[in-house]
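What follows is each chain in one-letter form.
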Amino acid sequence: MKIKFLIFWSLTAIFFLLSNTTNAQDATSILNNVDKLLFAPKDQQSEVQLILSDKSGNQRIREAQLWQKGKEKRLFRFTSPAAEAGIGFLSLPDEVMYLYMPAFGKERRIASHVKNQPFAGTDFTYEDMESVNYASKYKAELLSQDDKSWYLKLTPLEGIRSDYAWVEVYVDKQHNYPLRMESYDRSGKKVKSSVYTFVKDGSYWYPKEVHMTDLKRNHSTRMISKTIKFDSNLSDDLFTVRNLIDY
Amino acid sequence: MVFQKKRISNSLNFMEKITAFILRIRYLTIIMVVLLTVLLGYQIKDLKVNADVLGYLPDDDGAAMLFSRIGEDYGGNELIIIGLEGESVFSYEMLDIVRKVTDSVRMVSGIGYVTSLTNVIDIRGADGFIEIGRLIDEYDIPQDEEVLAELKEYAFSKAMYRGNLVSEDGTATLVVAKVLGDANRTEVVEQIQERLKNLQFAGSIYYGGMPVTLLELSRTIIHDVKFIAPIAFILISLMLALGFRSRRGVLLPMLTVVIAIIWTMGLISMLGYALTLLTNVIPVILMAVGSAYAIHVVNRVNEKMQELKKEALKEAITGVMIPVMLASLTTIIGFLSFIAGSYLTMIREFGIFTAIGIAFSLLLTLVFLPALMSIFDNFKRKAANETSSSFIRYISRFFSSLALGNQVVLISIWALIIVVSIWGITRIERRVDLVDYFKKDNQVQQSEGLLRTKFNGSMPLYIKIKGDMQSPEVLHAMKKTQTFMAQFEYIPYSQSVADLIEEMNSAIGEGMFVPDDKTKIIQLWMMLDGQEIMDQLVNYTLDEGIIQANISTTDLEVLREIEENFEVYTKENSNEIVQMEVTGIPIMFKRLDDSIIKSQIYSLVIAILLVVVFVSLLQGSFLNGLLTIIPVGVTLIVLFGTMGITGIPLDIATVLTGSVTIGIGIDYAIHFMTQFVNFYQKNFNTRESIAGAINSSGRAIIINVFSVTVGFAVLLFSNLVPLQRFGFLIAVTMIVSGLAALTLLPAALLLTSGKLEKSFRKKLKV
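These protein sequence lines map, in sequence, to chains X and Y. Heads up: the first sequence is residues 1 to 247, going by our numbering. Heads up: the second sequence is residues 1001 to 1766, going by our numbering.
Keep in mind the hints are simulated off the structure, nothing from the lab. Incorrect hints may appear among the rest.
As the list claims (entries may be wrong) - Dumping the calculated DSSO-like pairs for lysine-lysine here, alpha-carbon to alpha-carbon at most 30 Å:
id, chain 1, residue 1, chain 2, residue 2
1, X, LYS148, X, LYS189
2, X, LYS216, Y, LYS1480
3, X, LYS190, Y, LYS1197
4, X, LYS106, X, LYS73
5, X, LYS137, Y, LYS1100
6, Y, LYS1158, X, LYS115
7, Y, LYS1100, X, LYS189
8, Y, LYS1100, X, LYS190
9, Y, LYS1479, Y, LYS1571
10, X, LYS216, Y, LYS1100
11, X, LYS55, Y, LYS1466
12, X, LYS106, Y, LYS1480
13, X, LYS55, Y, LYS1518
14, Y, LYS1100, X, LYS55
15, Y, LYS1100, X, LYS153
16, Y, LYS1152, X, LYS115
17, Y, LYS1100, X, LYS106
Unchecked claim - Partner residues are not named here, just some residues of chain X that face chain Y (Cβ under 8 Å, in silico):
id, residue
18, ASN58
19, GLU84
20, ILE87
21, LEU99
22, ILE110
Unchecked claim - Far from chain X, by Cβ distances over 12 Å, these chain Y residues were calculated:
id, residue
23, PHE1014
24, PHE1129
25, LEU1235
26, LEU1271
27, ARG1393
28, ASN1505
29, ASP1594
Here a beta-carbon is modelled for each residue, glycine too, at the ideal position from N, C-alpha and C.
This is chain X alone, in the form it adopts within the complex (with noise of 0.2 Å):
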């Protein structure tokens, strides 16, 4: 009586244990499918739009282009309004980032630091700009999913400095690709929300549409991929200094 008992309890709670760690590997592999997802292009060139709307509707409309290869290397260059085309941002590994503006013909290194403030009066900061593994930044954790979505909550693992207490997000089951993502901060209070409208181009997903909210703020920015082009063997001399001051 008392062997079954105990027998009973220890399946108890092997089985517990054991759905645990299930659900903890679930949430990061579908994390980790978010990562592939995202990054398998090897490089990518697009045209982008960024519309900034206050709360009242006023607009700011920026337009640049962006040059992307891997993971690490990025060139983001104004085009539109004309006062500030040119205006570009470089980033390479290990957090180095550059600034030119071409009124001064100066470039600048930015301070890696700087990371929460906000990226050219967008409501993504440098952080949110930045194109990182999610799974080697946060601890996931499955909260819910119905027919067409997993809810995981994600917490920034040890080390890692984020202006967020965590973020939860809605991933698409079929394609493995975030629906939407709302971001707390500290005192647990939703500061910011992005949607966003995933297309396929050829054989990639990219997101054509990111809607980002700040909710503190009360503004807002669509970020719209108008054109891309995928896997057209960037040259690394795009994303060198003097590339950058070369406008």
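Assemble chain Y onto chain X, guided by the hints.
For chain Y alone, coordinates are given in the frame of chain X:
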């Protein structure tokens, strides 16, 4: 002649009928009064206090409009400043506290932007690097002594931090919160204080800024009134007991006053209004004015005491009804005139509710008091001379002989008093500092002291600049304006987007100036775009921005000087490219103060004129109307003269004593005049009529003067300077208007007795 007499007796008959009716419905009256008192008294529990005077500036006031728009468009206007003082600001412990406080305050609804050391923008550039970030990374507050020392040195090198966020001696730092345009400022302060109550901090924490001052002001007033009102109540009762030497003489006036106050306060609450710094005074006015009505009724009943109860009541009430009605109607007119002459909604509310309160007092005196007396009072027949204390009788006899004595001397004395008072009025001061309202050990004094000595002050001043924010001309104009502001000792620091563009220009290696090339400005701008500070300094369409500064004083004289200079400057420097306008707490506070005083004085004048017309019409004689306002007019002159001589400044609080003057001064005169006319119509003997009036109404006036003066003298022990002054000035008002009614008015009557007789004979067709 026969017809006239008939008319008079008709009207007396009419009054008698009313009195009979009042006595007939006495049970119903008492039940209704009890019910109403319970009903309205229950409403008082929801009565809110709104000390936020600035919220009462009218919607069409230019500066107020601009101020509230800044509150909405730029993430807040008024400042709530939390000062943290410890051993050293640049220590991990203290910076961590700053971060915690910043976080807590940011969560309070009604708060726009919060600026502190742990979230303030920092722009620096050197060795090919540029950094637009935070002065301190709130997620990684430095612990290393060396890093902290470096940070300190850096922070002290910049005007944006030194004196603004960190004190010169490095022991204190500020968390500055902006209140949103539509928020209830004082409630926001309460929420912040509640949140920070459990903060574990070894140093001292201070709260400063106008919202804090106003909240503290209303808290102290409420605390004070709770403590002082009962004492005043007891003292007034005691004086009434001494005056009347009967339970009736104490209970009845006090009861009507209390019920009238309960009804008025209950009504204010029921109609969804809050107690303001002005309506706060209503209980005081009702105590002074309302008790007078009952005192006159009781006095008259006492006079008829030797007669039978029912007859005594009827006669007394019939006789006193007209003067009491006249007295209260004129007072009501006086307060209603505040509506017409008022610039502020707050004054309008004050006028309406005081008028209603007085109407309540009147109703209670004429309907409830007789009902009560006819049911509960067991009338012992007394001799007439036992109905008031011998002291009061002595004084009334003294006034009688004084008034009938040497008119030349009497009038000369009054003339002298008036001349001295007018001289006093010319010396009246407007130097008002809100902070001086508090005693030295009050936390407001301490906080403001800290903010003025170690920081740049707490009163926000804004200059709105209209123009293309990215054009070099506009940015240069901003810098020029800031240089102009820096001349003033009390404006130690100002901030605009031009400063940030300069900093960016310097960070990129060009130098600390605004570039002349618009493209350069736009490119520097893009790096700042999206920063919290930008939303506080420019609007989204970039065609408007503000310069924000602090003023380190609330001295109205200094504010006046600053406002005048700025009005001229902004006008002279506005052109097609850039237009400027100035606003801010100091500007608004000065305007509020000016407008309250202006509209109060304006209303006092209107009230007096209206009363002259009203009394003239009712008594059918313009001369009577003029004579009746003599005591009020003289009391007002002496009141303001006293303020000039004693150095009590004319401000929002003290100007209100003028209202009490109107209420009291007119009443005394009306009671006296009515009695005088009563006697005069019978004997056409001015001297005898004066003696008769003093002997009857005079007693009531004397009792009223004594009770209210002593009651309000308690305010001298208040914790707040304005309440002390208020108590003192009410005492002056009571004594002067009493003296004026009992000496100056008789003297004036004697002087004009020839004309008086003619007018009366004409009126009565005798």
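How the hints compare with the structure:
1. With a C-alpha separation of about 27 Å, the suggested pair X/LYS148 and X/LYS189 falls inside the 30 Å cut-off, and the hint holds.
2. Distance restraint check for X/LYS216 and Y/LYS1480: the Cα-Cα separation of roughly 34 Å exceeds the 30 Å cut-off, and the hinted pair is therefore not satisfied.
3. The straight-line distance between the Cα atoms of X/LYS190 and Y/LYS1197 is roughly 25 Å, inside the 30 Å bound, and the hint therefore holds.
4. Distance restraint check for X/LYS106 and X/LYS73: the Cα-Cα separation of roughly 21 Å lies within the 30 Å cut-off, and the hinted pair is therefore satisfied.
5. Restraint check: the Cα-Cα separation between X/LYS137 and Y/LYS1100 comes to about 26 Å, which is no more than 30 Å; the hinted pair holds.
6. Under the criterion of a C-alpha separation no larger than 30 Å, the hint pairing Y/LYS1158 with X/LYS115 is consistent with the structure, at around 23 Å.
7. Restraint check for Y/LYS1100 and X/LYS189: satisfied, since their Cα atoms lie roughly 15 Å apart, inside the 30 Å limit.
8. For a cut-off of 30 Å, the pair hint linking Y/LYS1100 to X/LYS190 stands: about 18 Å separates their Cα positions.
9. In summary, the hint linking Y/LYS1479 to Y/LYS1571 is supported, as the alpha carbons are separated by about 17 Å, within the 30 Å threshold.
10. Of the supplied pair hints, the one linking X/LYS216 and Y/LYS1100 holds, its CA atoms being roughly 18 Å apart against a limit of 30 Å.
11. Taking the CA atoms of X/LYS55 and Y/LYS1466, the gap is about 21 Å. The hint holds against a cut of 30 Å.
12. For the proposed pair X/LYS106 and Y/LYS1480, the alpha carbon gap of about 29 Å is at most 30 Å, so the pair holds.
13. Of the supplied pair hints, the one linking X/LYS55 and Y/LYS1518 holds, its CA atoms being roughly 27 Å apart against a limit of 30 Å.
14. Of the supplied pair hints, the one linking Y/LYS1100 and X/LYS55 holds, its CA atoms being roughly 28 Å apart against a limit of 30 Å.
15. Restraint check: the Cα-Cα separation between Y/LYS1100 and X/LYS153 comes to about 26 Å, which is no more than 30 Å; the hinted pair holds.
16. Taking the CA atoms of Y/LYS1152 and X/LYS115, the gap is about 23 Å. The hint holds against a cut of 30 Å.
17. Using a Cα cut-off of 30 Å, the hinted pair Y/LYS1100 and X/LYS106 is violated, with the two alpha carbons roughly 39 Å apart.
18. Below 8 Å, beta-carbon pairs count as interface contacts, and X/ASN58 has one with chain Y at about 5 Å; its hint therefore holds.
19. Annotation: X/GLU84 was flagged as interfacial toward chain Y, and the flag holds, the nearest CB pair being 6 Å apart, inside 8 Å.
20. The closest approach between the C-beta of X/ILE87 and any C-beta of chain Y is roughly 6 Å, which is under the 8 Å cut-off, so the hint is satisfied.
21. Given hint, X/LEU99 at the interface with chain Y, holds; its Cβ is 6 Å from that chain's nearest Cβ, closer than 8 Å.
22. Contact between X/ILE110 and chain Y, as hinted, is supported at the beta carbon level, the nearest pair being about 6 Å apart and thus within 8 Å.
23. With a minimum CB-CB distance of about 66 Å to chain X, Y/PHE1014 clears the 12 Å threshold, and the non-interface call stands.
24. Not every CB of chain X lies more than 12 Å from the CB of Y/PHE1129, the least distance being 5 Å, so the non-interface label is violated.
25. Y/LEU1235, annotated as away from the interface, keeps every beta carbon of chain X farther than 12 Å; the closest lies near 53 Å.
26. No beta-carbon of chain X comes within 12 Å of the beta-carbon of Y/LEU1271; the shortest separation is about 34 Å.
27. Every beta carbon of chain X lies more than 12 Å from that of Y/ARG1393, the smallest distance being close to 74 Å; the non-interface claim holds.
28. For Y/ASN1505, the non-interface assignment is contradicted: its Cβ lies about 9 Å from the closest Cβ of chain X, within the 12 Å cut-off.
29. Chain X leaves Y/ASP1594 outside its interface by the beta-carbon criterion, the shortest separation being 34 Å against a cut-off of 12 Å.
The structure fails hints 2, 17, 24 and 28 (numbered hints given earlier, in ascending order).
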